[in-house]
Structure formats: structure tokens, C-alpha cells
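Engineer: If you want the building blocks of each chain, they are given just below.
There are 2 protein chains.
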Amino acid sequence: MNRRFIPPSRKEGASQKLLNAALTLIRERGYASTSVDALCARAGVTKGAFFHHFKSKDDLAIAAVHYWSELTGAFFETAPYHGHTDPLDRILGYLDFRKSILTGEIAEFTCLAGTMLQEMYHTNPVIREVCAASIRGHAATLEPDIAQAMEQYRIQVPWTAESLSLHMQAVLQGAFILAKASGGAAIAAESLDHLHRYIQLLFQPRGQ
Amino acid sequence: MNRRFIPPSRKEGASQKLLNAALTLIRERGYASTSVDALCARAGVTKGAFFHHFKSKDDLAIAAVHYWSELTGAFFETAPYHGHTDPLDRILGYLDFRKSILTGEIAEFTCLAGTMLQEMYHTNPVIREVCAASIRGHAATLEPDIAQAMEQYRIQVPWTAESLSLHMQAVLQGAFILAKASGGAAIAAESLDHLHRYIQLLFQPRGQ
DNA sequence: GATTATGAACCGACCAGTTGGTAAAATAAA
DNA sequence: TTTATTTTACCAACTGGTCGGTTCATAATC
Chain H
361 MNRRFIPPSR
371 KEGASQKLLN
381 AALTLIRERG
391 YASTSVDALC
401 ARAGVTKGAF
411 FHHFKSKDDL
421 AIAAVHYWSE
431 LTGAFFETAP
441 YHGHTDPLDR
451 ILGYLDFRKS
461 ILTGEIAEFT
471 CLAGTMLQEM
481 YHTNPVIREV
491 CAASIRGHAA
501 TLEPDIAQAM
511 EQYRIQVPWT
521 AESLSLHMQA
531 VLQGAFILAK
541 ASGGAAIAAE
551 SLDHLHRYIQ
561 LLFQPRGQ
Chain B
361 MNRRFIPPSR
371 KEGASQKLLN
381 AALTLIRERG
391 YASTSVDALC
401 ARAGVTKGAF
411 FHHFKSKDDL
421 AIAAVHYWSE
431 LTGAFFETAP
441 YHGHTDPLDR
451 ILGYLDFRKS
461 ILTGEIAEFT
471 CLAGTMLQEM
481 YHTNPVIREV
491 CAASIRGHAA
501 TLEPDIAQAM
511 EQYRIQVPWT
521 AESLSLHMQA
531 VLQGAFILAK
541 ASGGAAIAAE
551 SLDHLHRYIQ
561 LLFQPRGQ
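As given, the protein sequences belong to chains H and B, one line each in that order. According to our numbering, the first sequence holds residues 361 to 568 in order. According to our numbering, the second sequence holds residues 361 to 568 in order.
None of these hints come from the bench; they were simulated from the model. There may be inaccurate statements among the hints.
Identical copies look the same in the list; a pair holds intra-copy or inter-copy alike.
Here are the simulated lysine to any residue pairs, SDA-like style, with alpha carbons at most 20 Å apart [as the list claims (entries may be wrong)]:
1. Lys417 / Ser393
2. Lys417 / Ser395
3. Lys459 / Pro518
4. Lys459 / Trp519
5. Lys459 / Thr520
6. Lys417 / Thr406
7. Lys407 / Ser375
8. Lys415 / Val396
I would like the entire structure built from these sequences, with the hints used as guidance.
Structural biologist: See below:
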């Protein structure tokens, strides 16, 4: 549940600019360390504008996660991997696509929801839930392809399409942490290779 | 790179109490949201004591990560999975062990280094490095078993023991995020099942 | 002329960190 | 063994600055 963030920079209102600033700053430094003043400065807006559009900092956070879900939803909806006729190719194509966008600054390809969850899962149930819904919602877009592949490849397995789709998100989230640890995306890409290999093995007919 | 945290509660000095408080509070709320006052209150110590033992909040953070590495190092060193004669059994036993400690509060089984990385990778290179070293160091304890299994099972693969050991940590870190999202460890456990299955498939002779 | 959007100045609470001190423990001198 | 001295461990009160949030005046827009 993440993606590259390309700041629109079109002529936009204060609330749009603040949302975009939030995506960048929160993914760089986390939520608590991102002050309202810093958000306003980044957005080129004053505090009056901030509290005109958002009733609190947490209110902006919630709006930012919704905005994030919309952006990523549209981004993956139009991605090329949906074009494959074989459902397994679509799944593997999704991973190739995820790997291909591991470029530029770390904050540009990591996940807002995952970052915010780490800080707020325990203290803010509302934000926890919108972040969870964002990740769950993205994982759900993979389920039909997985289910179709399971049927088409006639595999009998003890796991569900939902479970695998969530595991894929877990690997992505973990890969982001490795990227943050190492200061680069290379290790994250290797982890996606392992996941790619796992899914190939799962759907590959075995035992002669 | 994480584990259950059992507060020692022996008669200990202020710095020990502060380190233990840091492990709990930072994993619950993140670093930035954990104030020095909150740490002191949790440790039952005053601010004077805090700044007697640590020259800054960041200094405590670094000490806490080192403390974490020591605790987890000792914890996994004495874990039962090392007893298996087959190296693959040791690797899979490690995962079973990791799964078995996914109990109690989320903050008790999640990883301090992974949590802190999310907030500080971009702003504090020193802390980023000690967190990275903590995770890398733990992953490195798995490498000999993986290398031995690769040799013993005579598999020819395009990946290294290091790469797989880091992938295992990625899955764990990602599983923690899913646990934080869902409010429980169940999804995290399922992700570990997928990783378990992947490693079994990797070392299982195929194509015949 | 209302409603919506923005700005500058401000507020109390809380932040990390300092000060100046006390009590006990370790060390040294007698 | 007792006394003197230093060091370590700790504490309560405080400081300057930053935090999220408010106030109220002013633009722009319909």
C-alpha cells in the first residue's frame, strides 16, 4: 500500500497543498515530528488557512490517509500489469511494477499508512482504522487475481487469496523498513524478488 | 529483530529503569511522541536523573537500541531452535519460535529498531545506523544455518544466504505492521506461515 | 453583502534541557 | 578504624522555545 508520490504542483487550494505537504513530510519524518508550522511552511500557507480547512492536526492526518488511498487507488488502477490475460502474470506483474517504482527518494516510494500506523496504532484508534483500511483496500485489489489463479492452476492449498494478498503487503512494508535501514532501495528489491519466487513456486505444479 | 519484552523489575538503577521504560513507551507510541517526562514518570525517576545518565533524549535512544540488541541477542541465543541437527530445521524452527512469541500486547512483540527507523531514518543518521545494525546483526545470526542448508540440500540458486536472512526480517517487520493495523497478531502469524512455506519450497527438491 | 478563504499576532501547555543543590557511597588520609 | 574528601546518583524547580490551536481583521468571491 504505497507508491511514488509525484507532487502535482498545479494551481491548487490551500487544503490540496497541505495534503501534498503532509504526504511528503510525514513519510520523511513521521507524524509526531511533523509540526503544523512545518506543514504550512512546506505548503506555502499560513496557520490560519490550515485551521480553516482542518479542524485539527489529526483531522488533516485522517484526510491525508483518505487522499493517499485515492491517489494510490488511481495509480494502481491504471498500471500496466492488469493487461495480462493469465491471472498469475497479473500478480507477478504487480510485483514487477512495485519493484520498478522503487526509485528516487525513500519517502517517495514508501507507504504513508504503514508509517503512520507505527506511531499511532496504540494511541489513535480512528487513524489506526483509516490506515488499516487503506492497506486492506489495496490488498483487496489483488484478491480476485489470486483467486482466479488458484482456480485456473487447480492448486489445493491451506491458505486463502486474502491471506496471500496481505502477505504481499507485509513483504512490501517490511521491504520499506529495510530500505530505510540501509538508506537505499536495493535490499527492498531483493525482498520483492523472494516474494516473486515464492508466488511462482506456489503456482508451479510440483512432484512430477 | 524483535521479541517479547519482559520487564526485569529487579532492583535496578535509574538508567536501567529508563531504558526499560523506553522499550515499552517507544514501541507503543513511537519516539517523538514519547516525552522525557513520560519516560521519567514510567521509570519512577525525575528529570534530573534522566539527564544525569543521558546527555540528551537522542542519547537515551541510542542507548536503548544497544540495550535492545543485547536483550534480543541473549534471548535468541538461548532459544530452542538451535538444537536441531538439520540446518533447515533450525531455520524453520526459528520461524516457529518467532510465531510462538506473537502473544500479549502488540508493543511486547514488535521491534524497537524497526519502529524507530520509520521515524528517524531521514532525520538522524546516527540512530538510523544503530537501528540498521541491530536488524542486520540479528539477521546475520541466521546466515550460517541458511548457508549450511544450501550446501547440504545441494540447491543451486540465484540468491544468497544474506539475502534470504534479510528477507526473513522484512517479512517479520511487515507482519508487525499488519498486526498494528488489525489490532492483533493473527495476520502476522499467517504471514510467517507463508514465509515458512516459501523456505520449505526453496529447499525442497523439485521437478521429479 | 454575505459567505468563504487567508493572514498576522497571539495564547497556554508542554517540550527538551539546565540549575543548583542534597544524600549516599566510594576513596583516601589520619 | 575513624575521619575527611571526592565522586556518583539523584532530585525539585526552573528556563527558553516550540507545540497545537485561537482570535480577529482583511481579502477575495459569489
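Engineer: So, for every hint listed, does it hold in this structure?
Structural biologist: Right, here's what the structure says about each hint:
With identical chains, the CA atoms of Lys417 and Ser393 are at most 20 Å apart both within one copy (12 Å) and between copies (14 Å). Taking the closest pair of Cα atoms, Lys417 and Ser395 come within 20 Å of each other both inside a single copy (9 Å) and across two copies (19 Å). Taking the shortest Cα distances, Lys459 and Pro518 sit within 20 Å of each other only across copies (17 Å), while inside one copy they are farther apart (28 Å). Taking the closest pair of Cα atoms, Lys459 and Trp519 come within 20 Å of each other only across two copies (17 Å); inside a single copy the shortest separation is 25 Å, beyond that limit.
Taking the shortest alpha-carbon separations for Lys459 and Thr520, only the inter-copy value of 19 Å comes in at or below 20 Å, while the best intra-copy value is 24 Å. With identical chains, the CA atoms of Lys417 and Thr406 are at most 20 Å apart within one copy only, with a shortest distance of 14 Å there and 30 Å across copies. Taking the closest pair of Cα atoms, Lys407 and Ser375 come within 20 Å of each other only inside a single copy of the chain (11 Å); across copies the shortest separation is 40 Å, beyond that limit. When the C-alpha separation of Lys415 and Val396 is checked against a cutoff of 20 Å, the pair qualifies only within one copy, where the shortest distance is 12 Å, while the shortest distance between copies is 28 Å.
When held up to the earlier numbered hints, the structure conflicts with none and fits them all.
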